[in-house]
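Colleague: Make the full structure from the sequences, and use the hints.
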Amino acid sequence: MSDYETVIGLEVHVELATKTKIFCGCSTEFGGDPNTHTCPVCTGMPGSLPVLNRQVLEYAIAVGLATNCDITRYCKFDRKNYFYPDNPQNYQISQLYLPICRNGHVDIRTESGVEKAVRIHEIHMEEDAGKLIHDDWLDASLVDYNRSGVPLIEIVSEPDMRSAEEVIAYLEKLRMTISYLGASDCKLQEGSMRADVNLSVRKAGETEFGTRTEMKNLNSFKAIARAIAGETERQIDLIESGEKVIQETRRWDDDKECSYAMRSKEDAQDYRYFPDPDLVPISVSEELLDEIRSREPEFREAKIVRYAEEFGLPEKDILLITENKHLADVFEETVACGAPAKKVSNWLMVETMRLLKENNLDPEDIRFSPANLASLIKLTEDRTVNSTVAKEVFEEMFKSDCDPAKYVEEHGLATQNDEGALRETIQKVIADNPQSVDDYHNGKEKAIGFLVGQTMKAMQGKCDPGSVNKILKELL
Amino acid sequence: MANIISDETIEYVGILAKLELSDEEKEAAKSDMGRMLDYIDMLGELDTDDVEPMSHAFPVQNVFREDVVTGTDIRDQILKNAPEEKDGMFVVPKTFD
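Going down the list, the protein sequences come from chains Z and P.
According to this note's numbering, the first sequence is numbered sequentially starting from 1.
According to this note's numbering, the second sequence is numbered sequentially starting from 477.
No lab work stands behind these hints: they were computed from the structure.
It is possible that part of the hints are untrue.
[Said to hold, decoys possible] Capping the alpha-carbon separation at 25 Å, the derived lysine-lysine pairs in BS3-like fashion look like this:
id : chain 1 : residue 1 : chain 2 : residue 2
1  : P       : Lys570    : P       : Lys556
2  : Z       : Lys203    : Z       : Lys116
3  : P       : Lys570    : Z       : Lys131
4  : Z       : Lys256    : Z       : Lys222
5  : Z       : Lys391    : Z       : Lys316
6  : Z       : Lys80     : P       : Lys570
7  : Z       : Lys131    : P       : Lys562
8  : Z       : Lys457    : Z       : Lys428
9  : P       : Lys570    : Z       : Lys216
10 : Z       : Lys80     : P       : Lys494
11 : Z       : Lys342    : Z       : Lys391
12 : Z       : Lys131    : P       : Lys556
13 : Z       : Lys187    : Z       : Lys325
14 : P       : Lys502    : Z       : Lys131
Predicted, not measured: the structure shown is a model, and the values here were computed from it.
Modeller: As structure tokens, this is what we get:
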């Protein structure tokens with residue numbers, strides 16, 4: 001195996017985060033009843049007229065600029081003709097001759113430290129197809145056109161990757177860049193980011209490429225890694241046994257960990273592209289480019305460097321917070337409200353992550369305001385609440401974005417700062433638990449934990465365990 | 477007729493267009509297509525050296541719509557175009573991919 005080299009190029013489809021479809025005003029929202037987000041345009045009715053959604057163009061340009069592409073200043077749409085029931089027009093509106101972006105690259109760094117640039121051949125805008133569902137009862141297919149006309153960009157790389165690790169680093173880089181731009185949430189599992197893998201093998205040292213296959217249906221990084229390993233092996237086996245690799249599209253079955261050819265030979269792949277006469281050409285002005293450039297956010301790489309310098313956070317914290325732009329925004333805004341950076345980072349990394357996971361939510365779903373998180377941190381800093389109470393308040397804040405100071409006051413959760421009352425309670429706990437006191441004096445350090453617990457219970461949690469500990473030791 | 481369409485070509489075009497033609501229809505289509513290509517070839521006689529390539533006849537550019545939902549649920553009307561419907565969906569011959 002080792003004397004072969006794997007050559008991989010990727011076609012990545014990304015669903016753009018627009019409110020409406022690419023050529024009509026139908027909603028792109030997920031989960032609607034079948035065909036409730038459809039109109040004559042996205043069901044391909046004769047006489048309907050598609051009109052380009054401006055946001056689609058702006059997102060595509062933003063992604064192109066962020067991936068170092070040349071933006072095509074005069075671009076247009078073409079029709080890609082094919083018959084399939086998920087495509088009601090019998091053609092897909094796409095871009096062949098003048099795609100919006102060309103000649104870009106992204107810099108990647110793999111887990112094992114390989115650094116390289118992966119070139120981007122082009123990025124084009126196009127429309128998604130409908131969804132086919134098989135109906136066993138009728139032995140027919142059912143079509144839902146809600147996804148028909150949802151805007152996509154297709155990012156076509158050059159065959160610059162040599163391993164699954166590089167492919168994953170490239171996809172991660174695209175995902176981070178595009179999600180930071182807000183152009184898509186890029187979720188492989190949910191299909192808002194889809195990768196087709198073009199793969200060929202050649203003997204090490206060979207300069208010509210081998211015959212490639214295209215692999216579809218890869219919906220997780222793990223599936224991609226397995227598919228690359230499987231296809232590499234299949235092609236090498238073919239060559240070693242004197243057979244030829246056939247250029248074809250294959251579908252990966254991740255359960256069976258193997259792939260099979262998707263289209264038969266009779267199915268001619270001749271798309272007869274031609275300019276779409278319904279859509280007028282686009283001329284991209286320098287002003288539009290400047291405007292889109294000026295909106296470009298600080299990307300993750302820059303944040304990682306700045307967070308270390310400005311906030312002195314540990315690398316682990318920085319990587320977790322910058323994994324998601326919204327989380328990074330919450331972090332920065334909370335710090336701007338005056339909260340210490342490490343404290344904010346702890347709340348985000350531990351409690352926030354726990355609650356997001358438990359409730360099956362994304363960082364985008366965070367509802368508490370940075371000001372309220374800062375205020376809760378202040379309450380713990382000046383010991384108005386202890387950490388147990390703070391977590392309780394945070395859970396409520398996570399749900400309803402309540403004002404923590406108000407919540408603490410209304411529910412009487414503030415720590416008792418009356419040391420006299422605390423001493424009195426502790427004295428009573430000592431008197432009521434002679435066994436534990438004896439244990440403590442006999443060297444059982446743990447016994448004090450029980451006494452602290454009893455005191456907290458007697459105080460209904462409204463005291464600072466540190467102070468309880470201190471007074472207990474003093475009185476014992 | 478300068479353009480002669482071969483049997484293979486008409487067969488291939490038939491596959492692309494998902495049309496099944498009888499032998500008679502094929503012969504007629506071959507001669508029609510040949511005449512169409514002859515007609516298009518006339519363009520080649522023109523001197524287009526100083527003409528900019530274009531894809532659209534009108535000097536209109538940049539027609540956009542804003543990203544605002546204007547569509548409403550008109551499924552009942554849309555489904556009237558379906559040859560058959562079930563559970564709010566179009567019923568089509570079995571496909572697999």
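Colleague: Does each hint fit the structure? Answer for all of them.
Modeller: Verification of the hints:
1. P:Lys570 - P:Lys556: holds, 20 Å
2. Z:Lys203 - Z:Lys116: holds, 22 Å
3. P:Lys570 - Z:Lys131: Holds, because 13 Å separates the two Cα atoms, which is no more than 25 Å.
4. Z:Lys256 - Z:Lys222: holds, 14 Å
5. Z:Lys391 - Z:Lys316: holds, 22 Å
6. Z:Lys80 - P:Lys570: Given that 25 Å is the threshold and the Cα spacing comes to 23 Å, the pair holds.
7. Z:Lys131 - P:Lys562: Since the Cα atoms of Lys131 of chain Z and Lys562 of chain P sit roughly 14 Å apart, the hinted pair holds (cutoff 25 Å).
8. Z:Lys457 - Z:Lys428: Answer holds: Lys457 of chain Z to Lys428 of chain Z is near 13 Å, not above 25 Å.
9. P:Lys570 - Z:Lys216: Distance of about 21 Å is within 25 Å: holds.
10. Z:Lys80 - P:Lys494: Roughly 16 Å between the alpha carbons, so the hint for Lys80 of chain Z and Lys494 of chain P holds.
11. Z:Lys342 - Z:Lys391: holds, 17 Å
12. Z:Lys131 - P:Lys556: Holds - the C-alpha atoms of Lys556 of chain P and Lys131 of chain Z are around 19 Å apart, at most 25 Å.
13. Z:Lys187 - Z:Lys325: holds, 15 Å
14. P:Lys502 - Z:Lys131: violated, 35 Å
Checked against the numbered hints above, the structure violates only hint 14.
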